[in-house]
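Asks: Take a look at the letters that make up each chain.
Number of protein chains: 2
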Amino acid sequence: MREQFVIGIDFGTESGRAVLVDVRSGKEVAHHVTPYRHGVISERLPESDVLLKPDAYLQHPDDYLEVLETSVPSVLQQAGIKPESVVGLGIDFTSSTMVPVDRQLVPLCRKPEWNRHPHAWVKLWKHHGPKAEAEKIDRIAKERGEPWLSRYGGKVSSEWMIPKCLEILGEAPEVYHAADLFLEAADWVVALMTGEVKRNLCAAGFKSFWSKSDGYPSEDFFAALDPRFADITRTKLRGEICPVGERAGRLTPAMAERMGLRPGLPVAVGIVDAHASVLGAGAVDPGEMLLVMGTSTCHMLISDEEYEVEGISGVVEDGILPGMYAYEAGQPAVGDLFAWFIKQGVPEYVQREAQSEGMTVFQWLEQRAAQLRPGESGLLALDWFNGNRSILDNAHLSGLIIGYTLGTRPEEIFRALMEATAFGTRMIIDAYRASGLGVNQLVACGGLPQSNQLLMQIYADVTGMEIAVVSSKHTSAVGAAILGSVAAGSAEGGYDSIPEAVRRLACPRVKKFQPIPEQEKVYQRLFREYKILHDYFGRGGNDVMKRLKQIREEAGFSASGDHR
Amino acid sequence: MREQFVIGIDFGTESGRAVLVDVRSGKEVAHHVTPYRHGVISERLPESDVLLKPDAYLQHPDDYLEVLETSVPSVLQQAGIKPESVVGLGIDFTSSTMVPVDRQLVPLCRKPEWNRHPHAWVKLWKHHGPKAEAEKIDRIAKERGEPWLSRYGGKVSSEWMIPKCLEILGEAPEVYHAADLFLEAADWVVALMTGEVKRNLCAAGFKSFWSKSDGYPSEDFFAALDPRFADITRTKLRGEICPVGERAGRLTPAMAERMGLRPGLPVAVGIVDAHASVLGAGAVDPGEMLLVMGTSTCHMLISDEEYEVEGISGVVEDGILPGMYAYEAGQPAVGDLFAWFIKQGVPEYVQREAQSEGMTVFQWLEQRAAQLRPGESGLLALDWFNGNRSILDNAHLSGLIIGYTLGTRPEEIFRALMEATAFGTRMIIDAYRASGLGVNQLVACGGLPQSNQLLMQIYADVTGMEIAVVSSKHTSAVGAAILGSVAAGSAEGGYDSIPEAVRRLACPRVKKFQPIPEQEKVYQRLFREYKILHDYFGRGGNDVMKRLKQIREEAGFSASGDHR
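Chains A and B, in that order, give the protein sequences.
Taking this note's numbering, the leading residue of the first sequence gets 1, the next gets one more, and so forth.
Taking this note's numbering, the leading residue of the second sequence gets 1001, the next gets one more, and so forth.
Same shape as in the complex, but just chain A:
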């Protein structure tokens, strides 16, 4: 039997990447990364003088096409295989990254009449423009006792689809009306490839308040937000919502030519990136929590039952695996926090010593921090440098470090920051458990776990659980490839179910970290302290963090009129 392959494409924040996976052995045969030519657009629109507001984070849709046209041919070429050897293709995407399109699926921002209008552009997941809209949705949903709110930990994020749509309606009704559809970028790319608009259930569930049992919230609810918004789910958000693992359609001849693939290739319905990682990491057994650790961390869990968990990002039936509930929680600053420290907090002598010892600053800090015992730094931190997503869901919170002395050293602060992210994860695990969900095994993937052994040991010690690290650096792309293989089905060289495909294709786990009892004991004491501070600053004991941000904003605006 000749070799067969599936392709997974992962659309991230700064770049897209394709992996080519052997559909029998699960081996990653090739991968290729295409950085987005326009990156994250946050100051002004491309090729124009149109300045953007603070909190605006946009993207250029052509960058996604460039990934298709560059990375896909590249992996085929690297592996030396022909288009006929590829049996299926799947994609995952950041979310909610949304594209306003016209009837021909052309992004409004690509049309001359709209391309100088910020609201016509792709809004990246981290576009935080609709903060007020998210708060309004939150408030009105609470007032009305909307039942779906509890599936989102009782709080709506400005990063989601509906706030973004409402922002456009409020600030640019002309764009709102000109748009035929608002699409998840994942669904837009799939529609381009196949000619069919199939909305993926994963994003609809996690970012658009949709559920398998209830569908969208009622028109009454949307009308309460704005009378013009009443019909949105029948108009701008219309379209079939398709379960993960389904085939969205087949590659059109035009796109096949642009991507160097064969026409008719099965293409899977899209999925959100962190959620694809669950499949790629094979973390599908009950009680197995996946930590997707990069700039931020997502905490993913699959269960056959639905629970209400405090402060989670969402729970969606069939969101990742058919017949199962998928849970997501998150910490918004993890790798970002370490990067901040390395840029803003590490003295010159460390850089000098690291250089003379042939290490990066990160390595130097990790080595020194690893020589410390738990508790030896005397420091404790709250990891809220970018707010708290789970379980407090409060963007006004900020970071804290306590225990400084005149002897405090950079490696001690570095370790305290790592520990703080571990305590934050522990809070999330405890919230899952408090709801009734079991968490028995941790699996880690993403950029951080492989390169940072100390971090993994700290997580094992703080949680008191074994943590297994996934080998691949492209876990979500492999997850997308798994969906590609299911879109093909066994008849066309793939698999007939997601669980089967996961068993065959998920990335192996290369390393396991076990809690060290002596260290675990110290971390239990430190976690008690963390929890006291967490509750004091996070649950209304002292709202100083919010007040400091308010004072800051007033000072900033009065200083320059522009707080950027």
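It is worth saying that the hints were derived from the structure and are not from the lab.
Check before you lean on any hint, since a few could be wrong.
Said to hold, decoys possible - Here are the simulated PhoX-like pairs of lysine-lysine, each with C-alpha atoms no more than 20 angstroms apart in a straight line: (1) B:Lys1155 to B:Lys1142; (2) B:Lys1546 to A:Lys521; (3) A:Lys549 to B:Lys1521; (4) B:Lys1521 to A:Lys546; (5) B:Lys1546 to A:Lys531; (6) B:Lys1531 to A:Lys546; (7) A:Lys549 to B:Lys1531; (8) A:Lys531 to B:Lys1142.
With chain A held as given, fit chain B onto it using these hints.
Replies: Below, chain B without anything else, positioned relative to chain A:
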């Protein structure tokens, strides 16, 4: 009339310095610094293999003599004057820095039979060996309802004389018994110069529980600490206690020769260094608070009435000015805190930019921090990096920074640390006021105020008070010189009272900072937040800082058996 001069000698922590002052014009004619050859001894005894315990900070008495023999001749030589032109001499000293001596006033550590014994050496003020002793004194004084305790803000410091004596009795009774006297180093140097043991009232009052109205605590009290300790004030601490401004005696021929001065020169009774600054700065009017700002800050105030002030270091009748009560409070880390940040917290790019702009890192940070408005950093700090002296008097407290975001920059942290020390000073001012004492004017001297305009502006804005900066960098040495002129009296070319000498010789004030109402308003809001955190972490709301230090100590000891 020919020119006449007085000499003031300031014995600091790392060095001693002499100033020569024109006794008519008050002009500083010359100064000279002699660094202590043995510095602060904290690892092992000089020329030996005897290792010291953590918290041991000792000095070599010969270093003090070297100051007399080097800096004094130097100032005469610089000014080109003869010994006959000098009319008086005064000294000030760190305190309680104590010397165990034999009957001939020879320090025990200079005798072959004792020189390998740590407890025979000079204990520097910051020797923290007798922590347990200080706590015991504290406890027993409270149990017995000792009336003198309230003069010290209700708390005894391990830096004072009595805990140091008790430490020697407990740990080295043989040294205790071999010592004929325990002397303040100031009094030892004066005794060497004059041949007469005259204990200075300032140190006796602030560091030895002595008061003009009650003398020392009772023998019963000392016996309750240890039966062998009952008679200490009649034995090891015996000797006349002399008011500040008195003449201790006249320079002996032998010492005159060693110092290049004339025999018979009037020598003043000693004084504690920060207290000498009050005279040097001329901050002797009621309601005028002197901030002596260097590595730490002392807050000195003179009043004609006695009040009980929370958490002050002490109040002593006649302590600085006859007929007046002298108050002292303090913050243990100010300049030290900024130095810590510059060493441990400032990234390489700042160093690079500062260099390319021809500035020191300190100047670069100050310039950038000065461009920020109050509150704009979003940060708030507790300045307890070296514990809190006033008003909480708790060495277990530690530093805190709150409000971090991923955009936090070094100059923002720097400014927050400066602000924190200002808030700490504001707490002390408020405590003085709450007791009934007026504080209407701030005067600043020491190493920091002259070189850091932003810091002074912040202090003015945070306190809402004008702050005047003293010109001299040797304020305490000038204060000692003032006492030298009074020791001489008008009959010998000096002055007959301290107030008169202060009027003529105190250092001028060169610069005044006024609060800026708009900034004051923001700082009022921030100070409210500071106070909430101060009380929560400092008054038992959450003793996490103490627990972190405990965990740290356990971790440190179990790691290496040595926590140094």
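Asks: Which earlier hints can't be squared with this structure?
Replies: 8
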